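Q: Residue-level listing of the chains:
2 protein chains.
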Amino acid sequence: MEKMALHKTSSDGAGRGPEVARLTVRDLASQAGVSPMTVSRVLNKRPDVAPGTRERVEHIIAQSGFVPARAASARREGRHGLVDLVVPALDTAYSLEIARGVEAALEPTGFRLVLSCTHSSSRDLARQERMWLAKLSQGRTDGAILVLYAEQSRRLGELRRRHIPFVVVDPVGDLGPDVPSVGATNWAGARAATEYLLSLGHSRVAFIGGPLQQLCAAERLSGYRSALDAASVPEVPELVRPGNFMDDMGYKQTLALMELADPPTAIFAGSDSQALGAYAALRELAKRVPEDVSVVGFDDTLLAPLVTPALTTVRQPLAEMGRFAVRDLLRLLDGKPLSSMRVQLATTLVIRSSCAPPGRGS
Amino acid sequence: MEKMALHKTSSDGAGRGPEVARLTVRDLASQAGVSPMTVSRVLNKRPDVAPGTRERVEHIIAQSGFVPARAASARREGRHGLVDLVVPALDTAYSLEIARGVEAALEPTGFRLVLSCTHSSSRDLARQERMWLAKLSQGRTDGAILVLYAEQSRRLGELRRRHIPFVVVDPVGDLGPDVPSVGATNWAGARAATEYLLSLGHSRVAFIGGPLQQLCAAERLSGYRSALDAASVPEVPELVRPGNFMDDMGYKQTLALMELADPPTAIFAGSDSQALGAYAALRELAKRVPEDVSVVGFDDTLLAPLVTPALTTVRQPLAEMGRFAVRDLLRLLDGKPLSSMRVQLATTLVIRSSCAPPGRGS
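Protein sequences, first through last, are from chains X and E. Taking my numbering, the leading residue of the first sequence gets 1, the next gets one more, and so forth. Taking my numbering, the leading residue of the second sequence gets 1001, the next gets one more, and so forth.
Just chain X, same shape as in the assembly (with noise of 0.2 Å):
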């Protein structure tokens, strides 16, 4: 097992972010100008609570962001909680590794993992969510890890408002200083991939990324340009080519750029699925990885060690990104406060076969 570095991020610039999980009953009684019990009434739902001042306090923990001690509660009852994980699809590699980090998490724990997906095989996206929303939100749910395609903040308040505990896995956007997250560093790993591509006398080094809007794909075409200002090698626009992960991105990019006057000599693929479809591409032209193209991916999921070459590839650690988040969303359940709301968990570079020094093959 590699050793695992942990960066601890803060948005908010005060070194933490509201840390939602201290907030006490008496805090949010004193705030809604109530008794800390009509608090209480209110998060136990009971009826003995006046319309108007059951809607002040349910507006106020909403705000506040609190979380109850559901957990504690339930082994009080004696009964196993459920845990959920939303993952978008079961279609990737990307989303088994952070089942598999869940699920040997949560193993230990009593807590069992009810798995659901928000996009499957009907595409109806708007129907599917609602009803994990609802699922989540029927009480049969101790906590959530969330993993998603989109920002969804109006869906989060959602489950706050609802008082389910989660943490948000790989988030795509900026989700603000109160949503629990752990993510990976991005930034640092696109720029040891460059680096290295660089150190291997690579001058023309293109960069096929992800969609631009979703926070990750950011911090690696980010951490790309830093690594080539770095060592003074001036970006070349048309080297860059952010479109989505899929393969068939990975592939009709690489086509594109071959097709350059001056083609790129390695390629930094934003997933190892596009670099896969860099590969396929290659073939297809004749062209042997790496001698006359060096090909490092973004991911390393269960893909890189099988493909021939197997490929050089920047690892994101998603299974113990989901572990994390199960640490995480045990505090919360616990009542305790998380020491950090946004959590980076280190990559590594994996070095395989699929690079070598430019002019090899020629």
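Don't take each hint at face value.
As the list claims (entries may be wrong) - Straight-line alpha carbon distances no greater than 25 Å define the calculated DMTMM-like cross-link-like pairs of lysine to aspartate or glutamate that follow:
1) Lys336(X) / Glu235(X)
2) Lys252(X) / Glu238(X)
3) Lys1336(E) / Glu1058(E)
4) Lys252(X) / Glu235(X)
5) Lys287(X) / Asp1292(E)
6) Lys287(X) / Asp1262(E)
7) Lys1287(E) / Asp292(X)
8) Lys336(X) / Glu158(X)
9) Lys1287(E) / Asp229(X)
10) Lys1287(E) / Glu291(X)
11) Lys252(X) / Glu284(X)
12) Lys1287(E) / Glu1195(E)
13) Lys1287(E) / Asp1262(E)
14) Lys1252(E) / Glu1291(E)
15) Lys1287(E) / Asp1248(E)
16) Lys287(X) / Glu1284(E)
17) Lys287(X) / Asp229(X)
18) Lys287(X) / Asp334(X)
Claimed, not checked - Have a look at the derived ranges for each label pair, beta carbon to beta carbon:
19) Arg1288(E) / Pro234(X): 36 to 46 Å
20) Asp248(X) / Ala1256(E): 29 to 39 Å
21) Gly359(X) / Pro1108(E): 54 to 64 Å
22) Ser40(X) / Ser1040(E): 39 to 49 Å
23) Glu1291(E) / Gly359(X): 24 to 34 Å
24) Gly157(X) / Arg1283(E): 45 to 55 Å
25) Ala1286(E) / Leu255(X): 23 to 33 Å
26) Ser40(X) / Pro1337(E): 47 to 57 Å
27) Ser1232(E) / Gly201(X): 53 to 63 Å
Said to hold, decoys possible - Not close to chain X: a few residues of chain E, all C-beta gaps over 10 Å, as computed:
28) Tyr1149
29) Arg1161
30) Asp1334
No lab work stands behind these hints: they were computed from the structure. Nothing here was measured: the structure is a model prediction, and the numbers come from that model. Every residue gets a Cβ at the ideal spot worked out from N, C-alpha and C, and that includes glycine.
Model the placement of chain E on the given structure of chain X, informed by the hints.
A: Coordinates of chain E only, in the frame set by chain X:
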């Protein structure tokens, strides 16, 4: 979506096995020599039954395979049911595919998918198996879908004694006529793959397979042999290499095969992972796929279309197997009989780019 052919199999030659769900409480009562009310009390774990009587009735229930209509009562109570999916590990595309099918089929039912692995990181298999069995047995599950490494007849008997309905996906051994299972037509798939290689003109076709004590591996070897027989191509013992389904095995066996005085011109691998191991070995030997050696895999997991050259493989409909298992489980949960205790879904040969006629490379 491909069409699905359904092959019903029967192990007792009479066209159907004992159909457990048709048994009524009255049948059990008559077998046990007690009143239906007493059987009902035992099923509902009521205290007002003499210990000796309870034991006798429980024994008869366990022997009979009787499954009470749990889901119906769960639905009457208005709560959402839980269906457990138990897989060996979450480190293969194989598990991912099955989970995807199970999730998609459960999503519209209101049942929630609880995921657990028998083999997680700690590798203390015995303890983990006890743990998930304990979880399943605590009555917080409505039913289970099981993907098992080993035959586990004893564990399955335990579930049956506790009246937890279950369906086995891709059974590794002969589980007897009264265990519901969903598999794939391994024999037909292997025969089709071998016939395809023979039809391209190969006569030295190697077979790298899984462990022969596993039903699917034995069926695939048998399908391979059947195709050779039908084409009057004699089987060459040194070309037949069972082992396990991992990529390492594919790699090692391919290296060994290519060292033969008369090496094969085509390799039929028992899994996609093995096929990718073969790719790696062939590259190391500077042999091209498919110009020098053709390769066929088995499974058609997400790896197959992504690798270069894209892998020709036998599609095992893993997601569909998961969906069928859910369908059968829902019938058992409703107290309805299964039309067939053992179902095999059709495999299909998916032709991509890893095969060519022999002798192209020279």
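Q: For the pair we were handed, Lys287(X) and Asp229(X), check the Cα-Cα distance against 25 Å.
A: violated (29 Å)
Q: Between Gly359(X) and Pro1108(E), does the C-beta distance stay in 54 to 64 Å?
A: holds (57 Å)
Q: Taking the beta carbons of Arg1288(E) and Pro234(X), is their distance inside 36 to 46 Å?
A: At 38 Å between Cβs, range holds.
Q: Do the alpha carbons of Lys1287(E) and Glu291(X) lie within 25 Å of each other, as the hint requires?
A: Holds, at roughly 16 Å.
Q: With 39 to 49 Å as the target window, see if Ser40(X) and Ser1040(E) comply at their CB atoms.
A: holds (42 Å)
Q: Do the beta carbons of Ala1286(E) and Leu255(X) sit within 23 to 33 Å of each other?
A: Holds, at about 26 Å.
Q: Holds or violated: Lys252(X) with Glu235(X), Cα cutoff 25 Å?
A: holds (21 Å)
Q: Can you let me know if the beta-carbon spacing of Ser1232(E) and Gly201(X) is within 53 to 63 Å?
A: Holds - the Cβ-Cβ distance for Ser1232(E) and Gly201(X), about 57 Å, lies within 53 to 63 Å.
Q: Is the Cα-Cα distance between Lys1336(E) and Glu1058(E) 25 Å or less?
A: With a Cα-Cα distance of about 21 Å, the restraint between Lys1336(E) and Glu1058(E) holds, given a limit of 25 Å.
Q: Classify the label on Arg1161(E) as holds or violated, using whether its beta-carbon is more than 10 Å from each beta-carbon of chain X.
A: Label holds. Min Cβ-Cβ 21 Å, cutoff 10 Å.
Q: Against chain X, does Asp1334(E) hold up as non-interface, every C-beta pair farther apart than 10 Å?
A: Its Cβ never comes within 10 Å of chain X, the nearest being 21 Å, so this holds.
Q: With the threshold set at 25 Å, check whether the alpha-carbon distance from Lys252(X) to Glu238(X) stays at or below it.
A: Holds: Lys252(X) and Glu238(X) sit about 14 Å apart, inside 25 Å.
Of the numbered hints listed earlier, those contradicted by the structure are 1, 6, 9, 17, 18.
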